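S.K.: Each chain is listed here by its residues.
2 protein chains.
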Amino acid sequence: MTRYERVAAVLRERIEHGLYRPGDRLPSIRAVCQEMSVGISTAQAAYRQLMDAALIESRPKSGYFVLSGGAPSVLPSVSRPAQRPLDVSQWDQVLELVATQRDDHRLLLGRGIPNLEYATLNPLSKILAGLHRRTELNGFNYDKLSGSPELRQQVAKLVVASNCLLHPDDILITTGCQEALAIALRTLTQPGDVVAVDSPSFYGTMQILKANGLKALEIPTDPQTGISLEALELALEQWPIRAIQITPTFNNPLGYTMPTARKRALVQLAQRFDVAIIEDDIYGDLAFSAPRPPTVKSFDDDGRVLMCSGFSKTLGPGLRVGWLAPGRYRDQALHMKYVSTGASATLPQLAVAEFVAKGYFDRHLRFVTRQYQRQRDVMIQWVQRYFPQSTGISYPQGGFLLWVELPAAVDCVRLNERLAAHRIHVAPGSLFSASGKFRQCLRLNYAFTLTPAIEEAVRCVGSLAGTMVEEALQPLE
Amino acid sequence: MTRYERVAAVLRERIEHGLYRPGDRLPSIRAVCQEMSVGISTAQAAYRQLMDAALIESRPKSGYFVLSGGAPSVLPSVSRPAQRPLDVSQWDQVLELVATQRDDHRLLLGRGIPNLEYATLNPLSKILAGLHRRTELNGFNYDKLSGSPELRQQVAKLVVASNCLLHPDDILITTGCQEALAIALRTLTQPGDVVAVDSPSFYGTMQILKANGLKALEIPTDPQTGISLEALELALEQWPIRAIQITPTFNNPLGYTMPTARKRALVQLAQRFDVAIIEDDIYGDLAFSAPRPPTVKSFDDDGRVLMCSGFSKTLGPGLRVGWLAPGRYRDQALHMKYVSTGASATLPQLAVAEFVAKGYFDRHLRFVTRQYQRQRDVMIQWVQRYFPQSTGISYPQGGFLLWVELPAAVDCVRLNERLAAHRIHVAPGSLFSASGKFRQCLRLNYAFTLTPAIEEAVRCVGSLAGTMVEEALQPLE
Ligand SMILES: Cc1ncc(COP(=O)(O)O)c(C=O)c1O
Ligand SMILES: Cc1ncc(COP(=O)(O)O)c(C=O)c1O
Chain A
1 MTRYERVAAV
11 LRERIEHGLY
21 RPGDRLPSIR
31 AVCQEMSVGI
41 STAQAAYRQL
51 MDAALIESRP
61 KSGYFVLSGG
71 APSVLPSVSR
81 PAQRPLDVSQ
91 WDQVLELVAT
101 QRDDHRLLLG
111 RGIPNLEYAT
121 LNPLSKILAG
131 LHRRTELNGF
141 NYDKLSGSPE
151 LRQQVAKLVV
161 ASNCLLHPDD
171 ILITTGCQEA
181 LAIALRTLTQ
191 PGDVVAVDSP
201 SFYGTMQILK
211 ANGLKALEIP
221 TDPQTGISLE
231 ALELALEQWP
241 IRAIQITPTF
251 NNPLGYTMPT
261 ARKRALVQLA
271 QRFDVAIIED
281 DIYGDLAFSA
291 PRPPTVKSFD
301 DDGRVLMCSG
311 FSKTLGPGLR
321 VGWLAPGRYR
331 DQALHMKYVS
341 TGASATLPQL
351 AVAEFVAKGY
361 FDRHLRFVTR
371 QYQRQRDVMI
381 QWVQRYFPQS
391 TGISYPQGGF
401 LLWVELPAAV
411 DCVRLNERLA
421 AHRIHVAPGS
431 LFSASGKFRQ
441 CLRLNYAFTL
451 TPAIEEAVRC
461 VGSLAGTMVE
471 EALQPLE
Chain B
1 MTRYERVAAV
11 LRERIEHGLY
21 RPGDRLPSIR
31 AVCQEMSVGI
41 STAQAAYRQL
51 MDAALIESRP
61 KSGYFVLSGG
71 APSVLPSVSR
81 PAQRPLDVSQ
91 WDQVLELVAT
101 QRDDHRLLLG
111 RGIPNLEYAT
121 LNPLSKILAG
131 LHRRTELNGF
141 NYDKLSGSPE
151 LRQQVAKLVV
161 ASNCLLHPDD
171 ILITTGCQEA
181 LAIALRTLTQ
191 PGDVVAVDSP
201 SFYGTMQILK
211 ANGLKALEIP
221 TDPQTGISLE
231 ALELALEQWP
241 IRAIQITPTF
251 NNPLGYTMPT
261 ARKRALVQLA
271 QRFDVAIIED
281 DIYGDLAFSA
291 PRPPTVKSFD
301 DDGRVLMCSG
311 FSKTLGPGLR
321 VGWLAPGRYR
331 DQALHMKYVS
341 TGASATLPQL
351 AVAEFVAKGY
361 FDRHLRFVTR
371 QYQRQRDVMI
381 QWVQRYFPQS
391 TGISYPQGGF
401 LLWVELPAAV
411 DCVRLNERLA
421 AHRIHVAPGS
431 LFSASGKFRQ
441 CLRLNYAFTL
451 TPAIEEAVRC
461 VGSLAGTMVE
471 EALQPLE
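Taken in order, these protein sequences are the chains called A and B.
The opening residue of the first sequence carries number 1 in the UniProt record's numbering; numbering runs sequentially from there.
The opening residue of the second sequence carries number 1 in the UniProt record's numbering; numbering runs sequentially from there.
Quick caveat, the hints were computed from the structure, so don't treat them as lab data.
Please read these numbers as outputs of a predicted model, since none were measured by experiment.
One thing to keep in mind: the hints can contain errors.
No copy labels: a pair is met if it fits in one copy or bridges any two.
List of simulated lysine-lysine pairs, DSSO-like, C-alpha gap at most 27 Å [unchecked claim]:
hint, residue 1, residue 2
1, LYS437, LYS358
2, LYS157, LYS358
3, LYS126, LYS61
4, LYS358, LYS61
5, LYS157, LYS144
6, LYS144, LYS358
7, LYS157, LYS437
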C-alpha cells in the first residue's frame with residue numbers, strides 16, 4: 001500500500017463506521033496533512049481515490065463531503081458479457097435512437113446531448129457571427145489538414161488539466177469525436193481483427209467495429225471501477241487483440257471513472273502485451289469536482305494511447321469539433337483523416353479556439369458542471385421514487401448520463417415501444433452491447449432543465465416498467 | 001446515326017471546311033430548325049454534341065460560336081496506364097500539396113480551390129452571421145443524420161439541371177465531397193478489391209483506395225471524351241472489378257466532359273457487368289454554357305450510380321458541405337455516414353440551403369462561370385506563350401483547372417523543387433496516378449484573379465521547364 005492509499009483506507013474506515021456520516025464535511029486537506037503527517041499531494045490523492053470510489057464528493061469552494069442520502073443504495077451490477085469476440089449487431093436500434101435525436105415531438109430522455117440553453121454559451125454565437133464579418137480570415141477556404149493552429153494550441157492547453165502534456169502538433173482536429181474514434185480504429189485494425197471494449201460501451205464506437213468488419217470482445221466492467229483489468233489480462237492472453245477501446249472517465253453509459261491507479265495499470269498491461277489503447281475522453285472535462293481525473297493518456301510514455309475527445313458534450317454536437325491525439329500513430333492517422341473528410345470545417349474551429357482563449361470555456365464548464373451535479377441528484381431521487389424496487393442506479397461524478405438497471409423482467413426495447421404512446425423515448429441498454437444484452441437497463445439524460453414535465457415523464461417510465469414487473473409475476477392465463 | 005447526330009455531323013463538316021471560322025457566330029437554334037427541318041430539342045442536342053467535342057461554345061445571351069484561336073492546338077495525349085490493378089502510392093506528394101493548400105508564402109498555381117473573393121459570395125457570410133443570432137434554430141444541436149431537410153430539398157432542386165430526378169430522401173449530406181467518396185467506396189468494397197478509375201484521376205479518391213487497401217485499375221482516358229469504354233469493357237471481362245469511379249464532367253485534372261451518349265453507354269456497360277459506378281460531379285455546376293451537361297446518374301435506372309458532389313468548388317471548401325446520392329445503397333451508406341462523422345455540422349448546412357433557396361447560388365454561378373471561362377482563355381494564352389513548344393493543353397468547358405502536358409524531358413516533381421526558390425508551386429501530374437506516372441504533366445488553376453504577378457509566375461514555370469528540355473538535349477559532360 002502506498003502512503004496515499006493508507007490515508008484513504010483510514011478515512012474510508014471512518015466513513016464506513018459512521019464517524020463521518022452522509023452529508024458531513026470531511027476534514028480539510030490541511031487538517032489531514034497535520035493529523036497524519038503527510039504532504040498535501042498525498043492527502044489530495046487520498047481524497048481523489050475516495051471520490052473515484054464514489055464515497056465522497058468535492059463541492060467547489062466548500063470542501064469534501066461524505067456522499068449524502070442522494071447517493072443510490074443499489075448500483076447496477078457488474079457486466080458479464082460473452083467471453084469471446086462477437087460481431088456487432090443492433091444497428092436498427094441505434095439508427096432509431098440517432099434518427100430521433102432531433103425529434104421535436106418526443107421527449108428523448110435517453111439522448112446524449114448536453115444542455116444547449118445556458119447563457120454561458122452565448123458568447124460562442126457572438127463569436128461565430130463576428131467571424132463571418134472578418135473576411136480576411138478566409139473562412140471559406142480549407143483549413144490545415146491537421147486542424148487550425150489556433151485551436152490545436154487551445155486544446156494543448158486544455159488537456160493539461162488531465163495531466164497530459166501535448167504539443168499542438170500532437171493533436172489532429174476531427175469532425176466530431178466520432179471521426180476521431182473512426183480514424184483511430186481504422187489506423188490500428190484490419191477487417192476481422194478483435195478489439196477489446198468495456199461493456200456496456202458507447203454504441204457509436206460499436207458501430208464502427210461493425211462497419212469495419214471488426215469483432216468486439218466485451219470485457220466485464222464494474223460500475224464503480226470500470227473495465228476489469230483481470231478479465232482484460234486473461235483476454236489478452238487468449239485472443240489476438242489489436243486494440244483496447246475504453247471510455248474510462250465519466251463513462252457512457254455506466255457512469256464510472258476508473259480509479260487513477262487502475263488507469264496507470266491499464267497502460268502497463270497494454271505495454272506488456274504491446275497493444276494500443278483508444279481512450280474516449282469526451283465527458284472528461286465535465287467533472288463535478290476539481291481537479292478533473294487524469295486521462296489514461298497522461299500515463300502513456302510510449303505513444304500507444306490514441307486519445308479521442310471533442311466539444312460535443314461541453315459546447316454542442318452540431319459544431320462537429322473533435323480531436324484526436326494519436327500518439328505514435330500520427331502519420332497513419334493523418335492519412336486516414338485526409339481520406340475521411342479532408343480538413344475539418346474552418347469557421348467552427350476558429351470560433352471554438354476564440355471561445356476557449358477568451359476564458360468563456362472555463363466559465364461555461366464551471367457553470368454547467370454545477371448544474372449537472374444538482375440535476376444528477378434530482379434525477380436519482382426521481383428514479384428511486386418512481387422506478388420498481390431494487391432498481392440499480394449509477395452515480396457518476398461528471399457528465400450528464402445515468403445508467404439504470406431494472407429488474408430482469410423489464411425489457412427496455414419493449415418498454416420503449418409502450419412509451420411511444422406517451423411520446424417518450426429512452427435509450428435501451430441493448431444499444432450498448434454487441435449482441436443486444438442489457439435489455440433490462442436504460443440510459444437517462446439529466447442535462448435537461450428538470451421541469452415538472454420531465455419528472456412526469458420519468459414517473460411514466462417507472463410506472464410502465466413496474467407494470468412489466470407485475471405482468472411477469474402473473475401466471476399466464 | 002440519330003437525327004441530332006446527323007445535324008451535328010453537317011455542322012461539324014461546315015466548321016472543318018472553314019465555312020464557319022473560329023470566332024464566328026453559328027446559326028441560331030431556330031435557324032437550324034428551319035434549315036434542317038428538325039425540332040428545337042434536336043438542334044439543341046446537336047449543338048451540345050459539338051460543345052462536348054470542344055468545337056464550339058455557347059456564350060450567354062449571344063449564341064453559339066466556333067471556338068476561337070484561344071483553343072489550344074495540341075491537346076494532352078491519351079493516357080496509357082498499366083493495364084493491371086495497382087496499389088496506390090504517392091501519399092507523400094499528395095500530403096505536400098494538401099499541406100500547402102493554405103500556405104501564404106507561396107503562389108500555389110496548382111491548387112484546387114475556387115476564387116473566394118467574388119462579391120457574389122457575400123450574402124453567404126451575411127446569412128451565416130444571421131443564423132448565429134437565431135437561437136431558435138438550435139444550431140449547436142446535431143442535425144439529422146442524413147442532413148438538414150432544407151438543404152436536401154435545395155440539392156434535389158439543383159440536380160434537376162443535370163437531368164436528375166431525386167427525392168430529398170435520396171440524398172445524404174456529407175462533410176465535403178471527400179466524405180461522400182469515402183462512404184461510397186467503403187459501401188461497395190472490401191480490402192483487396194479492384195476499382196476501375198479514369199486516369200489521370202483525382203488524388204483524393206486514389207488515396208481512399210490506398211487507405212482501404214483497394215487496388216486501382218487505371219483505364220486509358222481520352223482528353224476529349226474521357227474514360228475509354230472499350231478499354232473498360234476489356235477490363236471488366238478480365239478483372240473482378242467492384243466499382244467504376246469517374247469524374248465525367250469537367251474532369252479533374254484532364255478537363256474533358258464525356259459526351260452524353262458515352263455517359264449513357266457507360267451505365268449500360270455497368271449494367272451488363274452488374275457493377276456499381278461512383279460518379280464525382282463536383283465541378284458539374286461550373287459549366288460555361290447552359291444547360292449544364294447531364295450526369296451519368298441521370299441515366300441510372302436501377303440505382304447503381306452513387307453520385308458524389310458538394311459546394312466546395314462553387315462556394316468554398318472550408319464549409320465542408322457535400323452530398324451523396326447513393327441510389328440503391330442508401331441503407332449501407334447511411335450506416336457508413338454514421339460511423340464516419342455522425343451528422344454533418346448544422347449551421348453550414350442551413351446557411352447553404354438559404355443561399356440556394358434565395359437565388360444567390362444561381363447568381364453566383366452565372367458570375368463565376370463567366371469569369372472562369374475568360375480566365376481559362378487567358379491562362380491558355382500564357383501557357384502557349386511561355387511554355388516549351390509542343391506543350392499539350394486541355395480545353396475544359398467548365399471548372400477552373402487546366403492540364404498541361406510538357407515534353408517528356410520535363411519532370412514536374414523536380415520542376416516543383418526548382419520552383420520552390422521562386423515561391424511557386426504547381427501540382428505535378430504524378431499525384432494523379434497510382435504509381436507516379438504523368439511526371440511530365442502538371443495542373444494549373446485559373447480561378448485566380450489573373451494579375452501580372454500570376455502571369456510572371458506562369459512565365460517562370462514555362463521558362464524553368466524550357467531549361468529542363470534544353471538540359472536533356474545537352475550531352476552529359
Ligand atoms: C462516449 C462517446 N464518444 C463519442 C461520442 C460522439 O461524439 P461526437 O458527437 O463529437 O461525434 C459520444 C456521443 O454520443 C459519446 O457518448
Ligand atoms: C474531383 C474532386 N472530387 C472531390 C474533391 C474534394 O472535395 P471536398 O473538398 O468537398 O471534399 C475535389 C477537390 O479537390 C475534387 O477535385
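S.K.: Are the hints correct? Go through all of them and say.
M.R.: A quick look at each hint next to the structure:
Proximity of LYS437 to LYS358 under the C-alpha cut-off of 27 Å is found in neither arrangement, the shortest distances being 45 Å within a copy and 50 Å between copies. In this assembly of identical chains, the alpha carbons of LYS157 and LYS358 lie at most 27 Å apart only when taken from the same copy (13 Å versus 42 Å across copies). Taking the shortest alpha-carbon separations for LYS126 and LYS61, neither the intra-copy value of 30 Å nor the inter-copy value of 44 Å comes in at or below 27 Å. Proximity of LYS358 to LYS61 under the C-alpha cut-off of 27 Å is restricted to the intra-copy arrangement: shortest distance 23 Å within a copy versus 53 Å between copies.
Proximity of LYS157 and LYS144 under a CA criterion of 27 Å is satisfied intra-copy only: 19 Å inside one chain copy versus 32 Å between copies. Taking identical chains as interchangeable, the C-alpha atoms of LYS144 and LYS358 lie at most 27 Å apart only when both belong to the same chain, with a minimum of 22 Å there against 31 Å between chains. Taking identical chains as interchangeable, the C-alpha atoms of LYS157 and LYS437 are never at most 27 Å apart, the minima being 40 Å within one chain and 44 Å between chains.
The structure is inconsistent with the numbered hints 1, 3, 7, although it conforms to all the rest.
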